[in-house]
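Here the structure of chain A is known, so what remains is to put chain B in place on it, guided by the hints.
The listed protein sequences correspond, in order, to chains A and B. Numbered according to my numbering, the first sequence spans residues 131 to 476. Numbered according to my numbering, the second sequence spans residues 1451 to 2263.
Keep in mind the hints are simulated off the structure, nothing from the lab. Check before you lean on any hint, since a few could be wrong.
Stated by the list, open to error - In silico EDC-like links for lysine to aspartate or glutamate, alpha-carbon gap of 20 Å or less: (1) LYS365(A) x ASP1880(B); (2) LYS1535(B) x ASP1468(B); (3) LYS2041(B) x GLU305(A); (4) LYS145(A) x GLU168(A); (5) LYS365(A) x GLU1872(B); (6) LYS300(A) x GLU1872(B); (7) LYS365(A) x ASP2040(B); (8) LYS1638(B) x ASP1468(B); (9) LYS1513(B) x ASP1524(B).
It should be emphasised that the depicted structure is a prediction, and the values quoted were computed from it without experimental measurement.
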Amino acid sequence: MESVLQEIVTRAREKAPALKSRPEFEAFKASYVGPKGELTAQMKELGKAPREQKPVLGKLVNAAKQQLEEIFEQTLASLDALEMAARMGEQIDPTLPASDALGGTAHLLTQIRREATDVLRRVGFVVAEGPELETEWFNFDALNTPLNHASRDAQDTLYLPENFTASNVKRRASERYLLRSHTSTVQIRTMLARKPPLAIIAPGRCFRRDTADATHSANFHQLEGLYVDARVTVKDLKAVLDLLVRELLGKHFKTRLRPSFFPFTEPSFELDVISPDFGKLSNRWLEIGGCGMVDPAVLSACEISPQKYSGYAFGFGLERIAMLRTGLDDIRLLYQNDLRLLRQFA
Amino acid sequence: MKISYNWLSRLVDLEGIDPAQIVERLPMAGIEVESVESTGLVALSNIVVGEVLEKEQHPNADKLSVCKVLTEKDGSPRQIVCGAKNFKVGDRVPVALPGAVIPGGFEIKQAQLRGVESGGMMMSARELGLGDDHSGLLILEQRPDIGTPINEVFGEGDTVLTLELTANRGDCLSHIGVAREVAAIFGKKLKLPEQKISAKTQEKPAADALVRGVVLESDNCPYYTGWSIRGVKIAPSPEWMQRDLQRVGLRPINNVVDVTNWVMYETGQPLHAFDAKKIGGQTIVVRQAKEGETILMLDGKARALSPEMLVIADAQKPLVVAGVMGSVDAEVDEHTTDIFLESAWFNPGNVRLSAKALGVSTDSSYRNARDVNPQATVSSALRAVELILETAGGEFLQPGVVVGTPPRGDVRIDIDGDTVRERLGFDVDDATIKTVFESLGFFVKEAAQGWTVTVPAFRGEVTRPIDLVEEFLRIYGTEKIPPAPVCIAAIEQQDDPLEGVLSRLNALMVGQDFSECMHYTLVDGEKVRRWYEKEGGDALALDNPLNGEQSHLRPSLVMGLVEALALNRNNGNDPLKLFETGRVFRIRQDKQATELVCCAFVMPQKSLSRSWQARTEPDFYSAKGLLTKMAQAVQVPARTLMFENLEAASWQNGHSAQAGSWQRDGWQARVGVVNAALAKQCAVDDIVFAAEIVFTAEFLKRKRTAVRYQPFSAFPSSTRDVALVVDKSLSAEAARKDVLKAARAAVDKTFALDAVELFDVYQGKGLPEGKKSLAFALVFRAEDRTLTDEEVKAAFDKVLAALSQNDNYTLRS
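With the rest of the complex left out, here is chain A (with noise of 0.2 Å):
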């Protein structure tokens, strides 16, 4: 029985490795293992075999058994293998060009504006919103602009007709509605809706009825700035100003405030900036945004005392930004949307 036992396990071990498939593999099996294997055969004999060999026999079915199972278990494996193989196909060209690798982009000014925002996080400021239509009360009125101020002109100010009316934005009074020329609407937002300490970011979308040029375009993207607390400091603002340009423009440019008049701020100044190393636009003096202290009356439109606040404000355009630091000479084209210009920024 002995021999029988080690000639199937060697038979088994001989066959194996030509098995190629799993039905081959369970039809194998069971010629062994199966009602009607050959170990299942030497089994019933040991049922017959006399009762004092029937310990040595027993063993050696359990260890042919026991060599038979670990055939099975690396054959099992080996098959595996093979079908994952299979399901692999050919081997790899790794010079073959990937499908479609061009990732999406974020456009050029959603850009600048993170980059802007999140230096300014790092010091403080959180990013407030509001709405793009808005009233002639919180673009004008509460930012201290004169009746008869020129920015008012329908010329310059996109107004919606007499009888238009907005759900969602309130207005005081019979007030035209508007689309905002300025996020400076959001200073007021704020201010009226809690009191200072406060400092806040508005990035967001402006209009003026201007007609499209190269750097022109009826709407355009500003970030304004507003930080109101105790004792606020024209020095205070020069300091903010000066470490968004070197974050955005780099630690070679220069910045000067350049006196100017707005009636929302008092005083007011032109942000101008300056590099040596900026190529065709070096060493000149360039104006990127409008800043100022926050003028006592807009304070006091917002219920907040001028005695005990003072505030700084400022804003700059955004397109401007990302013309000036990819040399884009053409507003428009931020509005087109041409993937040969988006792709570029990816």
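Chain B alone, transformed into the frame defined by chain A:
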């Protein structure tokens, strides 16, 4: 606003300060210099003053004359052929002698012109490089000596600055105003002209005055003065005045009109000279215009007046639109002998309104609209009277008429050094501050606490301590603000929730290979009508659009994205996946507009570029999957995202769906195929899948309940499948709900139903016409044990029994 350096140098000591320095420093004091040009005579040799002794018709040319011109005092006259017409014998004119090189590089030579010998050229202003006048010879009215080199006549050249002034700096619309700034910036002395004439004034004109009555009837003119001069002789104004005017861009007219303009450019006060004889009824009435009145203005155009406009009228008719422009009716012309000179203060807002309504902008309206100094109304008038008497002769009839009172005077402001330092944030000593205030012409008096600063009326906008801080800083110099670290208090505050949502949406879409677009908010009304007419798109029209292409607020981002698709396809960009976030505007049922935040994407079914591998084409369901992720980014609760068929003009019926309602829920999601006809109009000839989610700002601010942990079973689930044959038109979700209901009833809380999930949809062979098969997997599970086959079978049999009761379903085995 043009400023002549030479003129300025007569008003402020400019010793050692050249034009370039002024150009550099003015902007840093808040006065922008738009452009700089040098004018006047360049150094010229061989051009001298000559006198025309004889003038005769050229024998061979109708348009030419042959002149004898004396160019050396004791020399003999030379013969010159000339084409100009405006001169007569005895006139002195510039003459270029042979050998002279005139501006432009042309050399004058002895020559023959049409057979007549010509030894030089008589010159026009333009030929000399003195402006644009080429209508004739430059007649030298001052009659300089014959033979004088022309440079000696005109002196040196000039530099003219064009200033761009901010709305608050009306005071700098004059040479005196700019001189004050320059004096403050450079620490120089002003040299203001001495007042040579004084006058008595009274409210009622004297009985023998040129004008018998002046009546103010409107609040828009609180202060009016009038001055009479009899017996003037209208003639060209003196050379120096003409030159000054030309340098600042004005055309000389006659001595009286030129004086009014010149004084306006000196003091900033607009003046108006009437021909007194043309004032009907010898009465001036300052009143609002009447409906139906018209005026023929000096620019030759007739204009209709309206009652908002202030006019200066006589007894019958309006003569001047106050502060803007006069009519031809009372114009000073060559026959005028008696002058009534007006100097007044008009409400700036009203002047602005009138000028705008009439579509005119004049030097007067520009200044009057910016609040002229009412304390200079009289002195400016007297300056003009002085110059009229000097240049046109005549007799000044006293007393002058002054009606009303100046609307404002000097302003006193209490301030101290600490207030200034506190706002600036850096140290600067009291003495420096005080010096700056004084340099601006303010009077500083020591007070118990700090100073009382008196700001003269010429700086009407400086009224508050903060205004003085600004005045100090712009003269002191912003370059002296020291660098500092950013210092902001730690404030408990947070980003608007929209910020986070937008950045999640952006990250999601970019991560899904979409490129972000930005389109204009304003769109063509015609397109809005095509895409959104039924949804009230017409109500999104602007009142004053710049043009038809930007007439409406956009109701959706999809429209723009489809256009971008067309543009990019046209330019060969592929594959195309575009998205955009931004504000859109919709009309509610109650006709009110609502601003919504929107995120939308488009992707065409086909890619045009070839790929060595097959691409998976997008379809409705992949678009729906993306939209579901967008909804998740906007934090729309998953259980509320229930889609139903969408019928709307801009979407393809039968291939589009929507969930939510922005009016009811504060959000709405739409997905499907863009209406093929509309896409085709945008030149996209493909199936375009699109989706959008819109939401209100309020939706993001809603209160949310905190998520609580739900325990889940540790035991295995047991799944049974059921296939139902249903009408093709029945929605999968309706069937699923019925299965769910039956399954819930079947388990009856004895154990749990994990899910009912659709896993197969089949129609075609083996099924009757008009039917489809939906297969669902029912996943059962118990919290506390492994379910036995028997209990699952019992429950499942109940489900099958319940479903077979329903006439809509046939069980498929």
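Going through the hints against the structure:
1. LYS365(A) x ASP1880(B): Judged against 20 Å, a Cα distance of about 18 Å means the pair holds.
2. LYS1535(B) x ASP1468(B): violated, 40 Å
3. LYS2041(B) x GLU305(A): Status holds; Cα separation ~18 Å.
4. LYS145(A) x GLU168(A): holds, 14 Å
5. LYS365(A) x GLU1872(B): holds, 10 Å
6. LYS300(A) x GLU1872(B): Roughly 37 Å between the alpha carbons, so the hint for LYS300(A) and GLU1872(B) is violated.
7. LYS365(A) x ASP2040(B): violated, 51 Å
8. LYS1638(B) x ASP1468(B): Roughly 13 Å between the alpha carbons, so the hint for LYS1638(B) and ASP1468(B) holds.
9. LYS1513(B) x ASP1524(B): Roughly 31 Å between the alpha carbons, so the hint for LYS1513(B) and ASP1524(B) is violated.
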